Amino acid sequence: GAVVSQHPSWVICKSGTSVKIECRSLDFQATTMFWYRQFPKQSLMLMATSNEGSKATYEQGVEKDKFLINHASLTLSTLTVTSAHPEDSSFYICSARDREHYNEQFFGPGTRLTVL
Amino acid sequence: QKEVEQDPGPLSVPEGAIVSLNCTYSNSAFQYFMWYRQYSRKGPELLMYTYSSGNKEDGRFTAQVDKSSKYISLFIRDSQPSDSATYLCAMSDSGGGADGLTFGKGTHLIIQP
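Residue numbers (our numbering), protein chains in the order written: chain A, 835 to 950; chain B, -4 to 108.
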């Protein structure tokens, strides 16, 4: 149980284009989902927290107009990187909180974004 | 000073050895402490979850938290080559799932057969 999937697992795009990443909780309802970014040899850094049906809360320094987050259902959250640039190339990982296991977060496998 | 400090390694030990991984932190509000294992280009997998100070054991893994020293540890007994991965400590000040987690950089562990 408590499986989180992400799609796509990797994506290469041209500078200036937008990329959408999906995060799904497969066998549980996730009231809260989190988006993290991980640069090579760096720790995961929280970007934003999204609650189903409400606007995401962004961490300081994260541009909300650039990283659009939608959490339309209890099993799906999307992160859209708008007008991507090479410096946005990173490993994006989502996690979800399980209603039953209140204090735990379950992570997806991550999406590797490369912007040319 | 970063909130969570963790030696990135690599840490290389022979198979069967006891492994000790550690993190220090500066935020005294942290109360929930987690250890994750991450294989290359994969998402983190939760290994251990502890609340406040104390020890917790699960199979070959033991997590220790010393809040007075702001120091947490993960011990792996009878280490196996399959334990080779990056181990991330993470912490939160309000229920590990309620807020985003603050992570260490991760320690790259290599178990030599």
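No wet-lab data here; the hints were simulated from the structure. Check each hint, because a few of them may be wrong.
Keeping only pairs whose Cα atoms sit at most 30 Å apart, straight-line, the calculated DSS-like set for lysine-lysine is [stated by the list, open to error]: (1) A:Lys875 x B:Lys65; (2) B:Lys37 x A:Lys889; (3) B:Lys51 x A:Lys875.
Across the chosen pairs, the derived CB separations fall in these ranges [as the list claims (entries may be wrong)]: (4) B:Ala12 x A:Ser888: 42 to 50 Å; (5) A:Thr948 x B:Gly11: 22 to 30 Å; (6) A:Ser917 x B:Ser77: 40 to 48 Å; (7) B:Pro5 x A:Lys854: 29 to 37 Å; (8) A:Leu860 x B:Gly54: 23 to 31 Å; (9) B:Ala12 x A:Asp899: 45 to 53 Å; (10) B:Gly11 x A:Leu902: 46 to 54 Å.
Quantities reported herein were computed from a predicted structural model and do not represent experimental measurements. For glycine and all other residues, C-beta sits at the position ideal for the given N, C-alpha and C.
Numbers of the earlier hints that this structure fails to satisfy, in rising order: Result: hint 5 breaks, nothing else.
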